[in-house]
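S.K.: Sequence:
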Amino acid sequence: MKVGENNVILCLKEYCMEAIFITSLRTFISFGVLLLLTRILGKKQLNHVTVFTYITGIALGNIAGDMVVHKDIKITDGIIGLTLWSLLTLIIEYISLKSVNVRTILDGEPSIIIKQGKINVDAMRSNKLNMDDLMMLMRLKDVFSIKEVEYAILEPNGQLSILKKEEYESVIKKDVHISTKRRPYLPSELIVDGKIIKKNLKELNINEDWLLEELKMKGHPHLSKIFYAELQPDGSIHVD
1 MKVGENNVIL CLKEYCMEAI FITSLRTFIS FGVLLLLTRI LGKKQLNHVT
51 VFTYITGIAL GNIAGDMVVH KDIKITDGII GLTLWSLLTL IIEYISLKSV
101 NVRTILDGEP SIIIKQGKIN VDAMRSNKLN MDDLMMLMRL KDVFSIKEVE
151 YAILEPNGQL SILKKEEYES VIKKDVHIST KRRPYLPSEL IVDGKIIKKN
201 LKELNINEDW LLEELKMKGH PHLSKIFYAE LQPDGSIHVD
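Numbering-wise, full-length UniProt numbering puts 119 at position 119 of the sequence shown, and it's gapless, one number per residue.
Where hints are given, some of them may not hold.
Result set (BS3-like, lysine-lysine): computed pairs, CA atoms no more than 25 Å apart in a straight line [as the list claims (entries may be wrong)]:
| no. | residue 1 | residue 2 |
| --- | --- | --- |
| 1 | Lys198 | Lys225 |
| 2 | Lys141 | Lys118 |
| 3 | Lys216 | Lys195 |
| 4 | Lys216 | Lys118 |
| 5 | Lys198 | Lys147 |
| 6 | Lys71 | Lys118 |
| 7 | Lys218 | Lys202 |
| 8 | Lys199 | Lys147 |
| 9 | Lys147 | Lys74 |
| 10 | Lys198 | Lys115 |
| 11 | Lys147 | Lys128 |
| 12 | Lys225 | Lys128 |
| 13 | Lys118 | Lys225 |
| 14 | Lys128 | Lys164 |
| 15 | Lys115 | Lys128 |
| 16 | Lys147 | Lys164 |
| 17 | Lys202 | Lys216 |
Hints listed in this document are in silico derivations from the structure and should not be mistaken for laboratory results.
Please put together the full structure from these sequences, using the hints given.
M.R.: Here's what the structure looks like:
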């Protein structure tokens, strides 16, 4: 009986060692092939510049992962799949370099979100972009107020390019001997899509009646017609 048990244990050990060896081998092979093909595809692939390159990265990663965990997939089949997908990507990339129409289909076109200081609501809707998304993208560019923006362009890779108004172009104050003052407020959303952001009013210690009165003084008596209103660092209100 002990002999039988020992044989079972020995078989299990051998099976485990074999499984570990095979999995490790498949992992190293898939990693090496994926690394090689990624280098061939170029640096653009590493940055996921467009939707097409992003999808390509996901597909290559899935194929490489399947090579490791699915033992019923032959390593050669996995390598062929990776190679063919990479080859297809290179062919399409080459065609897109030669054809503007193909490039537009694959990569999309930039969208002007802010034009001459005004928000393009239709462009935001077509790109499924809300005000929270827009403000986040602006803050990533160190812009905290829409009032400072002349043009904002949503690029095909999802990033926002910003051209500031001339009066807000960066100047280092110490170089022109201008004294700096502490800003009483951080630019904050007060109204989005005709609705007051009460959470921000509370944090800023601003009264809703005061806000409505300020809007009336600026010629905006109807709250529902205001797409966006923002508190400026000096305490004034910018309405779009």
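S.K.: Run every hint past the structure and note whether it holds.
M.R.: Checked hints:
Between Lys198 and Lys225 the alpha-carbon distance is near 18 Å, which keeps this suggested pair within the 25 Å criterion. In summary, the hint linking Lys141 to Lys118 is supported, as the alpha carbons are separated by about 18 Å, within the 25 Å threshold. The hinted pair formed by Lys216 and Lys195 meets the criterion: a straight-line CA distance of about 15 Å does not exceed 25 Å. Between Lys216 and Lys118 the alpha-carbon distance is near 20 Å, which keeps this suggested pair within the 25 Å criterion.
Between Lys198 and Lys147 the alpha-carbon distance is near 21 Å, which keeps this suggested pair within the 25 Å criterion. At roughly 57 Å between alpha-carbon atoms, Lys71 and Lys118 are farther apart than 25 Å, so this suggested pair is violated. About 22 Å separates the Cα atoms of Lys218 and Lys202, which keeps this hinted pair within 25 Å; it holds. Note on Lys199 and Lys147: the hinted pairing holds, with a Cα-Cα distance of about 22 Å set against a maximum of 25 Å.
Simply put, Lys147 and Lys74 have alpha-carbon atoms about 59 Å apart, too far for the 25 Å limit, and the pair is violated. Our distance criterion of 25 Å between C-alpha atoms is broken by Lys198 and Lys115, whose separation comes to about 28 Å. Straight-line distance between C-alpha atoms of Lys147 and Lys128 comes to about 22 Å, which keeps the hinted pair within the 25 Å bound. Between the alpha carbons of Lys225 and Lys128 the distance comes to roughly 21 Å, so the proposed pair stays at or under 25 Å and holds.
A distance of roughly 15 Å separates the Cα atoms of Lys118 and Lys225; the hinted pair therefore holds under the 25 Å criterion. At roughly 24 Å between alpha-carbon atoms, Lys128 and Lys164 fall within 25 Å of each other, so this suggested pair holds. A threshold of 25 Å between alpha carbons decides the hint, and for Lys115 with Lys128 the separation of about 18 Å falls inside it, so the pair holds. At roughly 9 Å between alpha-carbon atoms, Lys147 and Lys164 fall within 25 Å of each other, so this suggested pair holds.
With a CA separation close to 21 Å, the supplied pair Lys202 and Lys216 stays within the 25 Å bound.
Of the numbered hints given earlier, the model fails hints 6, 9 and 10; all others are met.
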